[in-house]
Amino acid sequence: MAESVIKTEKLTKRFGDFIAANELTFDVKAGEIFGFLGANGAGKTTAMRMLCGLSIPSSGKATVAGFDVYKHTDEIKRNIGYMSQKFSLYEDLTVAENIRFYAGIYGLSNKEIKDKSEELVHQLGLEGETKKLVRELPLGWKQKLSFSVAIVHQPKIVFMDEPTSGVDPVTRRQFWDLIYAAADKGMTIFVTTHYMDESEYCNRISIMVDGVIRALDTPYNLKKQFSANSMDEVFYGLAREAKRTGD
Amino acid sequence: MVAVQLNNLSKKYDKGKIVAVDSISFSVDKGELFGLIGPDGAGKTSIFRMLTTLLLPDGGSAVVDGYDAVKDYKAIRGRVGYMPGKFSLYQDLTVEENLNFFATVFGTTIRENYELVKDIYVQIEPFKTRRAGKLSGGMKQKLALCCALIHKPSVLFLDEPTTGVDAVSRKEFWEMLKRLKQQGITILVSTPYMDEATICDRIALIQSGKILSIDTPDAIVRSYEGSLFAIKSEGMYKLLNDLRSYENTLSCFAFGEYHHIAFRDKMKNYSEELLKYLENKGHKEVEMMPVIPTIEDCFIKLLKN
Numbered sequence: 001m002a003e004s005v006i007k008t009e010k011l012t013k014r015f016g017d018f019i020a021a022n023e024l025t026f027d028v029k030a031g032e033i034f035g036f037l038g039a040n041g042a043g044k045t046t047a048m049r050m051l052c053g054l055s056i057p058s059s060g061k062a063t064v065a066g067f068d069v070y071k072h073t074d075e076i077k078r079n080i081g082y083m084s085q086k087f088s089l090y091e092d093l094t095v096a097e098n099i100r101f102y103a104g105i106y107g108l109s110n111k112e113i114k115d116k117s118e119e120l121v122h123q124l125g126l127e128g129e130t131k132k133l134v135r136e137l138p139l140g141w142k143q144k145l146s147f148s149v150a151i152v153h154q155p156k157i158v159f160m161d162e163p164t165s166g167v168d169p170v171t172r173r174q175f176w177d178l179i180y181a182a183a184d185k186g187m188t189i190f191v192t193t194h195y196m197d198e199s200e201y202c203n204r205i206s207i208m209v210d211g212v213i214r215a216l217d218t219p220y221n222l223k224k225q226f227s228a229n230s231m232d233e234v235f236y237g238l239a240r241e242a243k244r245t246g247d
Numbered sequence: 248m249v250a251v252q253l254n255n256l257s258k259k260y261d262k263g264k265i266v267a268v269d270s271i272s273f274s275v276d277k278g279e280l281f282g283l284i285g286p287d288g289a290g291k292t293s294i295f296r297m298l299t300t301l302l303l304p305d306g307g308s309a310v311v312d313g314y315d316a317v318k319d320y321k322a323i324r325g326r327v328g329y330m331p332g333k334f335s336l337y338q339d340l341t342v343e344e345n346l347n348f349f350a351t352v353f354g355t356t357i358r359e360n361y362e363l364v365k366d367i368y369v370q371i372e373p374f375k376t377r378r379a380g381k382l383s384g385g386m387k388q389k390l391a392l393c394c395a396l397i398h399k400p401s402v403l404f405l406d407e408p409t410t411g412v413d414a415v416s417r418k419e420f421w422e423m424l425k426r427l428k429q430q431g432i433t434i435l436v437s438t439p440y441m442d443e444a445t446i447c448d449r450i451a452l453i454q455s456g457k458i459l460s461i462d463t464p465d466a467i468v469r470s471y472e473g474s475l476f477a478i479k480s481e482g483m484y485k486l487l488n489d490l491r492s493y494e495n496t497l498s499c500f501a502f503g504e505y506h507h508i509a510f511r512d513k514m515k516n517y518s519e520e521l522l523k524y525l526e527n528k529g530h531k532e533v534e535m536m537p538v539i540p541t542i543e544d545c546f547i548k549l550l551k552n
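Residue numbers (the working numbering), protein chains in the order written: chain A, 1 to 247; chain B, 248 to 552.
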């Protein structure tokens with residue numbers, strides 16, 4: 001059995017009377033692609049912020065990459081990658097400058113930065129584009145570059161918040177090829193998406209409803225458990241019971 | 248009767264360097280639910296903004312409800328409803344104030360056209376004193392739709408109304424559109440979600456400012472040449488790589504639970520040979536069957552041609 005990279009026990013976040021995330025207990029193994037699903041307002045972002053060391057839980061326990069989410073938030077930030085639908089790339093820096101910037105922030109040496117830049121540029125097929133401003137790149141390229149800089153320091157785990165919104169179906173799949181390849185090398189992928197077909201690409205999936213994890217298993221078992229033909233049906237069946245509305 | 252007509256409509260940006268809309272022509276019939284399906288940057292928003300007279304074309308022409316999109320811009324603005332992709336209501340006005348505002352601007356009242364928005368408005372009415380900026384994504388979307396409808400437009404333009412919205416709200420939204428269609432309103436809607444295309448009467452698949460295909464969803468699916476198979480095994484990533492290196496594979500890509508694969512020779516049956524190939528590669532529990540292509544399969548094929 002692979003080691004757990006994320007481990008939570010009754011992890012909870014309250015805002016006043018409102019329980020945004022309610023006693024979440026789950027673990028994610030090394031090299032796993034873990035899909036974290038839920039309707040808008042279900043509590044996904046709150047949970048993710050706690051796991052990334054950006055928000056201190058109200059109660060419960062959790063470790064990420066072996067570090068405690070209460071005490072070791074700085075170590076967590078150094079040991080994870082994060083990519084959101086809103087790109088954190090600098091639009092007015094070039095491709096090469098963005099890679100150098102992120103690699104520098106994560107403390108890579110000059111030698112490492114040089115090697116890593118060449119490797120990334122080659123892997124993404126961006127050889128002719130390194131001097132282009134990121135602003136001039138098509139959305140699909142930005143997403144691929146965004147993912148690459150998020151894992152430039154080779155974190156054990158990368159968190160991705162709706163990474164594929166808005167791109168064409170071919171680009172969306174090329175992006176998943178990158179995810180698969182990273183997972184194949186042992187990196188853990190923690191991903192949210194609104195595309196239900198993408199949830200099928202995950203090894204396991206959790207579905208949050210109103211702050212609670214209502215289901216957690218492989219796509220195959222979830223479909224069996226809820227007698228559904230597709231993940232879309234599973235999700236729809238659970239998420240429409242939600243009482244809460246909100247983002 | 249034609250409600251919307253585009254003739255070689257074009258739009259360029261950045262001193263002509265970027266062609267956002269490349270001489271596009273199509274027409275939408277009165278009462279039709281018409282979908283523009285394509286990814287970000289395909290030109291959907293530029294088309295909508297030209298049809299709603301918010302952007303001047305660089306070439307070609309467009310007619311909306313009998314009026315020219317350049318010359319008769321005032322007439323068009325009074326007759327169409329437009330829901331932009333970006334939430335554009337007044338964040339610091341309440342739900343009710345926003346709706347009232349839009350009714351007044353168009354010279355009508357909420358009461359006069361209440362029947363049209365009733366189904367949607369009752370869902371947000373409990374929050375009518377809440378400021379629009381404080382609403383959830385799904386509720387913002389419903390309010391925006393009400394505001395675009397309150398003057399009983401002849402043509403409704405909805406630019407990516409379901410982007411970033413969860414699967415449940417997306418389904419509800421499309422149910423609302425079907426009901427509006429029954430009231431005779433012509434609807435042009437854009438979306439990057441291929442699965443929503445099937446609900447439209449007709450769709451245009453667009454990419455890089457050009458139309459790849461335009462027809463009913465059924466006809467587009469029927470026009471898919473050759474056979475398509477779904478296949479899965481224990482190790483899906485390895486399977487994808489192995490299928491791509493199989494000599495007779497034309498294209499293979501992940502598709503939900505299965506991978507979809509098409510072969511070079513459309514007429515030949517490769518099943519037996521392929522299963523043997525995969526067995527040699529060490530795959531277990533391989534399952535393969537023919538499938539009917541979806542709109543997404545068609546789009547992928549058109550993109551690759």
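Be aware that a few hints might be false.
Taking lysine to aspartate or glutamate and the DMTMM-like style, the derived pairs with C-alpha atoms no more than 25 Å apart in a straight line are [what the hints assert, rightly or not]:
no.: 1; chain 1: B; residue 1: K485; chain 2: A; residue 2: E91
no.: 2; chain 1: A; residue 1: K156; chain 2: A; residue 2: E118
no.: 3; chain 1: B; residue 1: K264; chain 2: A; residue 2: D177
no.: 4; chain 1: A; residue 1: K132; chain 2: B; residue 2: E481
no.: 5; chain 1: B; residue 1: K515; chain 2: B; residue 2: D448
no.: 6; chain 1: A; residue 1: K114; chain 2: A; residue 2: E136
no.: 7; chain 1: A; residue 1: K142; chain 2: B; residue 2: E362
no.: 8; chain 1: B; residue 1: K528; chain 2: A; residue 2: D177
no.: 9; chain 1: A; residue 1: K224; chain 2: B; residue 2: E532
no.: 10; chain 1: B; residue 1: K277; chain 2: B; residue 2: E343
no.: 11; chain 1: A; residue 1: K185; chain 2: B; residue 2: E344
no.: 12; chain 1: A; residue 1: K29; chain 2: A; residue 2: E162
no.: 13; chain 1: A; residue 1: K29; chain 2: A; residue 2: D68
no.: 14; chain 1: B; residue 1: K485; chain 2: B; residue 2: E422
Since the hints were derived computationally from the structure, they do not count as laboratory data.
Violating hint indices (sorted, rising): 1, 3, 4, 5, 7, 10, 11, 14
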